[in-house]
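Since chain C is already given, all that's left is putting chain U on it; use the hints.
Read top to bottom, the protein sequences are chains C and U.
So for the first sequence, our numbering puts the first residue at 1; every next one is plus one.
So for the second sequence, our numbering puts the first residue at 1; every next one is plus one.
Incorrect hints may have been included.
[Claimed, not checked] The list that follows gives simulated cross-link-like pairs (lysine to aspartate or glutamate, DMTMM-like), each with its CA atoms no further than 25 Å apart: (1) C/K159 to U/E59; (2) U/K344 to C/E97; (3) C/K80 to U/D421; (4) C/K162 to U/E511; (5) C/K95 to U/E286; (6) U/K344 to C/D87; (7) C/K162 to U/E59; (8) C/K80 to U/E511; (9) C/K159 to U/D69; (10) C/K133 to U/D243; (11) C/K80 to U/E503.
Derived from the structure by calculation, the hints contain no laboratory data.
These are the residues of each chain, in order.
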Amino acid sequence: MTIRAKLASLASAFAAASITLPAHAHEDGGSGWSQLNMTQGVTDISRKIYDLHMLIFWVCVIIAVIVFGVMIYSIISFRKSRGAIPDITLVHNTKVEAVWTTVPVIILIAMAVPAAKTLVEIEDTTKTELTIKVTGFQWGWQYDYLDDGVAFYSHLDRKSNKARELLSGIDPNSVEHYLLNVDHPLVVPVDTKVRLLVTGADVIHSWWVPDFGVKKDAIPGFVNEAWFRVDADKAGLYRGQCAELCGRDHGFMPIVVDARSKADFAAWLKNTAAQQKQTAQAADTTASLSAPASAH
Amino acid sequence: MADELAHAAAHDDDHDHKPHGWRRWVYATNHKDIGTMYLIFACTMFFIGGGAAMLIRLELFQPGLQFFDPQFFNSLTTMHALIMIFGAIMPAWTGLANWMIPMQVGAPDMALPRLNNFSFWILPFAFTLLLSSFFVPGGAPAGGWTMYPPLVLQTGSSFPMLIFAVHLMGASSILGAINVVVTIMNMRAPGMTLLRMPMFVWTWLITAYLLIAVMPVLAGAVTMLLTDHFFGTTFFTAAGGGDPVMFQHIFWFFGHPEVYILILPAFGIVSEIIPTFSRKPLFGYEAMVYAVASIAFLSFIVWAHHMFTVGMPLAAQLFFMLSTMLIAVPTGVKVFNWTATMWKGSLSFEPPMLFALAFLFLFSIGGFSGLMLAMVPADYQYQDTYFVVAHFHYVLVPGSIFGIMAGVYYWLPKWTGNMYDLKLATWHFWLSAIFVNVLFFPQHFLGLAGMPRRIPDYAVQFTDWNMVSSIGGFAFGLSQLLFPYIIWKCARGGVRVGNKAWEGAHGLEWELPSPAPYHSWTTAPSDAVIARGAAH
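Just chain C, with the same shape it has in the complex (with noise of 0.2 Å):
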């Protein structure tokens, strides 16, 4: 994009810039006031948190326009060049000292009751329905469905790995998802409970899809739990990155996720446990043959 083109782009999005954003900022292509705010997402446990965030950074506004308001008055009014002489008897107040200690107490106490409710709702994994283990390794994901024996290995694509080498001389806007691309993505079944386990297998890692409202660390040694559920109707990819430092290569191990009808799921489950098991079949044909008789 030339400098103008992306001024342009850029005052258009300015002019009808709102505080809510289209969920699927990321996928418009956009990069500048397209990229406010946090994403809504797709799960009902991301628009809690979406709205969370907005209403804690709108309590903050307020109380940021009343205090800064008090502060720039202060510094017009209250200026010596004005011929301001100090009330130099004003130093204490107990009765306004009072209220500005209790009243942040409150609003504390208030914005802590929706914070914990969402939180008890997020610790709930209960009746899930899925589980599949996600095991982060440097530098990529492993996924495991452990009750349907499918398991795969999940790497930054082609495209984005040889356009990402220091002085590659490729473009990385001619990249499709630069960085945010998977060889094979995790595919979920919409309108499920997913349960993932996520546990690492070297250093720490940290599971991150943004429009689900989950991330997790993946610790050498510890399973941890999560879960999302994506609507009904929002069937689609969605994209992720690690988001705990794991090393060199800890930039380039983004997640994709392949959210699909229930039915597509099924059939892509049974379809790639068939294969796997031929695969596997296939390889312990070929080890008996190259091994001896005793190593059965």
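Same frame as chain C, now just chain U:
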């Protein structure tokens, strides 16, 4: 006791017979000389750490990797943090403490001058060790300043250098803190009661206790890393029965009070500057003291808010959310008191006041984003993104760094006897205040839009705000060159100032001549002088 010490010191050094040449600095026991060395060291580290920041912003100017290997980029972010925290901000506070605390409490010098020399001279060795790690096989540490295992255990030959550098910095901080506590407790002039002490002395006293409490915890944590790496222990390795998350708990038990170690002295300085340039006593002095003490206490029970995503029990997450939100109450009290100090004052806007006002506005913005980060469900989206980077840079740059600059511009005439170039310092202020926002404000957007921190390259939708941030960064970095130039120029000469460099100034330091004599209060100030200084 205080009497005896003050008396003995007064007899020892009646004349300004300071040693000359290199001996004056290497054998230094004078609080002003040591303070100067601390400040020069901090300024040097500020520019080295700033240089690393410039390289980071250079690589992040546009998507794709143009300059550095990702591993080297990780070294830059790691070293930038370590240098700025342990090399720039903490030594700058100790330098200011050295210069000002004896003058402000009516003492001739710090209580433990030789220890003072030792605690300073550890630092150049610590940082030579740390910085030389760039040149060993495997490069400088790249696992983040938080040193989380198991990643940090993958560090190359620089691993033991990192651990010993941290040990040395910690030892230096502890010794410096002991000196501050002993000086304040034993060297106050008769009549300088605790509740007459200037706010800078109060905040430093509390900071010193925090340092003594938590630096050993950091030392313990990195020692366990060392034995895990070299002696076969498995404190933090799950395969051997250890626990990598335990490191994070121990680290942040140090790390959160550390955050307040970096900011509390700034609270003190701002509490001195705003009354001076409002020509009105500080509003609610006692409330300010109690607020600082409450913040210090709370800082010990909020550490796990740095690690909400590690998978803690629900009850623990709720506890740390509530305790974190509570910190907003005493912090709010401080901001309201500063505002009330300006109310019905008579304000003028010399450079120290300008920096203090920018501190007031911009630190508050950092406070607001801190409140947002306390909300656990929202934190799941903010954690480890540029939103966090924006948050802590707002509290550290226009917070701590502006606090240090405000303090230097406030006391520089006292140190040198000359007024500095006010016009140039005002330029320094406006350039800093504008570009610090161009640099860090867009990082809020980047974080909310989904950009993780500590990545050398990013998806193309993050391009525009990274460019804006980088431009702000370069401009901010360049503007800082004015700072040492203004100080150097002032040290060489300028318009002479009287005892009281600023019309509205109160406090014992302004009762001494400018430049302050080599040995501050060789005879203790009288009660009347102390009462005149304690303007609250």
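Results for each hint:
no., hint, in the structure
1, C/K159 to U/E59, "21 Å, holds"
2, U/K344 to C/E97, "17 Å, holds"
3, C/K80 to U/D421, "21 Å, holds"
4, C/K162 to U/E511, "68 Å, violated"
5, C/K95 to U/E286, "15 Å, holds"
6, U/K344 to C/D87, "6 Å, holds"
7, C/K162 to U/E59, "18 Å, holds"
8, C/K80 to U/E511, "24 Å, holds"
9, C/K159 to U/D69, "19 Å, holds"
10, C/K133 to U/D243, "21 Å, holds"
11, C/K80 to U/E503, "12 Å, holds"
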